[in-house]
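S.K.: Given next are the chains, with one letter for each unit.
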Amino acid sequence: MQGAEAMVYSDASMRPVSSWGRLGAEPHDVVELTDRTAIAAAVTGRSGIAHGLGRSYGDACLNPNGLLWRTAGLDRLISFDQATGRLVCEAGVVLRDISRLMIPRGWNLAVVPGTQFVTVGGAIANDVHGKNHHVVGTFGEHVTRLKLIRTSGETIECGPDERPALFGATIGGLGLTGLITEVELQLRPSRGPWLEVETVPFSGLSGFFSLSDESEAAWEHTVSWIDCTSGSALRGLFMRARPAEGRSGRRWRGRMRRVPLTPPVSLVNGLSLKPFNALYYELGKRKTGVQVVHYEPFLFPLDSVLEWNRLYGPKGFYQYQSVVPRAEAFDATRDMLTAIAGAGEGSFLAVLKTFADRPAAGLLSFAREGVTLALDFRTSRALPALFSRLDDIVRAAGGRLYPAKDARMPRDFYQAGYPNLAAFTALRDPGMSSGMSRRLMGF
Amino acid sequence: MKIVVIGATSGIAEHCCRLWAVEGADFVLMARDTAKLERIAADLEVRGAHSVTLAKPEFHDPAAIKAFADSTVAQGPVDIVLIAHGWMPLDQHKLDIAAAEQILQVNAVSPVLFAEAFAGPFAAARRGTIAIIGSVAGDVTRRANYVYGASKALLTRYAQGLDHRLVGTGVKVVLIKPGPTDTAMTTHMKEAGKRLASAEEVARATVDAIRRGKVEVYVPKLWRYVMLIVRHMPRPILNRLPI
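The listed protein sequences derive, respectively, from chains A and B. By the numbering used here, the letter at position 402 of the first sequence is numbered 1112, and the numbering carries on one by one without gaps. By the numbering used here, the letter at position 219 of the second sequence is numbered 386, and the numbering carries on one by one without gaps.
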């Protein structure tokens, strides 16, 4: 048994790896990390990037023709204090496992992104946000301590009060400050798995903004789906949720289906976009009113369809997620939607959400005060021109794009959006390098 | 629920334990890699295990294995013993005979000794489930893994007879036959681009089979039919297949 493991480590050879956008499958030298006491030996003196579940859409988790340290096997819990809600775990633990285990004990992760299939390490490296940003901020705000192993061989513990500069660089640091191996999280008291959910149809951006303003005080989760094919006559569904006190809804079986194959062409296309969006809107409208719903289908609607990214066909897809300051958000969002509708492109699930004004947890954190818009686009010839138009709008509004979703933003736009980059670079682990770091930072 | 797991650091066994831990099980775990086993024990405790005891690793000495089984059962009724240890080196047609002996010891002789050691006390207590991790490789063997496959074939026949022996005692025998599973043993297959079942998926099926007391389970289920076909292929065809 020992022999088999040793052989596996020395026998690492190249295999194709894709990220969630499936834009390519470059060969990678994949090293599986399973033993947290053996990481320093695997990392020291080498160059590569950590890879969790590969849920970032572009090249943040890729290192074409180079080394990837896969962390999914680092998935052990280390300790939990029921009284304080402090959980210590390895960085490859999947968020779904924490929620499912802890909710029955009255605790849960404060922040979860739109999918539960991400690792704790990935959630930190991208400083992910959820639908409750206005209440709890980003994932990094709830990390109380973490352990980094640098390619120099050094092991460093850091936290908000211990080596805070390095800690701040690691939150949202795209894995570039060292390999995150162990994490201490402050969980948040949970009142069970049930949410009281209300869906409110709206029209026009002003409808969205007034619903946001009116909802945030009393509703923990807010998010909007918009029909991105509706152009100037914008329509959407505003969804808000809060813990359902002492009530429960229909049993959630958590059944999952898998997209069984990759269709030869994208099923998201000019023919399907309008009917799908119209149908989604009509079905959503019928749900108007308050319902009690399990948190999983509300917070992670796409998680019950495994490998839904295959729907975009063999060429893969791009996601474009921007944030612009609230003061500019009305005009910028209107201009972006007009540009998208004009290009005849769009996505099934366009999402609009407000971010609160809170100090960022990390030097390179994406979330900031303002409004974020996220859209999927199938790969097409019209995209580069559309993206550069959208970039212009976001940039002029003083906004930025989300690296976790990005595979193509120009370097100068990245630098403009992330003014702390120079301070960050000084704290990087020079051995950590990804496709994204070379594209956006030069090394 | 008291559960004994032999080879508890194997990917499938660890994921089975995680499922049992949330039900508050009491564990007795044995594995060669004691440092890894300690990490797993801490993990299971956080996940809700009522207690985790680490047994001294002893895989080959029949007297020690018998003493372990007797003392474990004497300390309180055992519900399940899961025998999950295994070792699958690559390219077995290129190995020397010492390695062949080692493969047979680890994958065939040792699991049988553990099952034998628990069968008596279980039968006397008229309760318990003996679960053994076999393999689809036990149905048909190929040059790259035939010594391993032959060991697993021995477990298949052994489990059949053990089940017969224990009829009427209330003791159940469950043989799990996973297809290639995503564990430390199979990283080379992932590199070849093969799609592997996840250890979590195989564990869920294993725990379910044990709960229901199924005699023989293929995981994923499709393997039952795949192996049925492969087993009945004429030799000239089988030997030309690139498997």
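Be careful, since some hints might not be right.
Partial pick of chain A residues on the chain B-facing surface, computed with a CB cut under 10 Å [what the hints assert, rightly or not]:
#1 1036
#2 1040
#3 1054
In the DMTMM-like style, the derived pairs of lysine to aspartate or glutamate whose C-alpha atoms are separated by at most 25 Å in a straight line are [stated by the list, open to error]:
#4 169(B) to 864(A)
#5 203(B) to 894(A)
#6 203(B) to 864(A)
#7 997(A) to 955(A)
#8 388(B) to 955(A)
#9 169(B) to 258(B)
#10 203(B) to 807(A)
#11 203(B) to 791(A)
#12 1025(A) to 1013(A)
#13 203(B) to 955(A)
#14 339(B) to 263(B)
In short, the hints are calculated from the structure, not lab data. No residue lacks a Cβ here, since even glycine has one placed at the ideal position from N, Cα and C.
S.K.: Determine for every hint whether it applies to the structure shown.
M.R.: Verification of the hints:
The beta carbon of residue 1036(A) is not positioned within 10 Å of any beta carbon in chain B (closest approach about 41 Å), and the interface hint is therefore violated. Against a cut-off of 10 Å between C-beta atoms, the interface hint on residue 1040(A) is violated, since the closest Cβ of chain B lies about 46 Å away. Violation of the interface hint for residue 1054(A) is found here, the shortest Cβ-Cβ separation to chain B being roughly 36 Å, above the 10 Å cut-off. Note on residue 169(B) and residue 864(A): the hinted pairing is violated, with a Cα-Cα distance of about 42 Å set against a maximum of 25 Å.
At roughly 20 Å between alpha-carbon atoms, residue 203(B) and residue 894(A) fall within 25 Å of each other, so this suggested pair holds. Under the criterion of a C-alpha separation no larger than 25 Å, the hint pairing residue 203(B) with residue 864(A) is consistent with the structure, at around 22 Å. Proximity of residue 997(A) to residue 955(A) is assessed by CA-CA distance (about 20 Å); at most 25 Å being required, the pair is judged to hold. For the proposed pair residue 388(B) and residue 955(A), the alpha carbon gap of about 42 Å is over 25 Å, so the pair is violated.
Under the criterion of a C-alpha separation no larger than 25 Å, the hint pairing residue 169(B) with residue 258(B) is inconsistent with the structure, at around 38 Å. At roughly 20 Å between alpha-carbon atoms, residue 203(B) and residue 807(A) fall within 25 Å of each other, so this suggested pair holds. Of the supplied pair hints, the one linking residue 203(B) and residue 791(A) holds, its CA atoms being roughly 22 Å apart against a limit of 25 Å. In summary, the hint linking residue 1025(A) to residue 1013(A) is supported, as the alpha carbons are separated by about 22 Å, within the 25 Å threshold.
A threshold of 25 Å between alpha carbons decides the hint, and for residue 203(B) with residue 955(A) the separation of about 42 Å lies outside it, so the pair is violated. Using a Cα cut-off of 25 Å, the hinted pair residue 339(B) and residue 263(B) is violated, with the two alpha carbons roughly 38 Å apart.
Consistency with the previously given hints fails for numbers 1, 2, 3, 4, 8, 9, 13, 14, ordered from lowest to highest.
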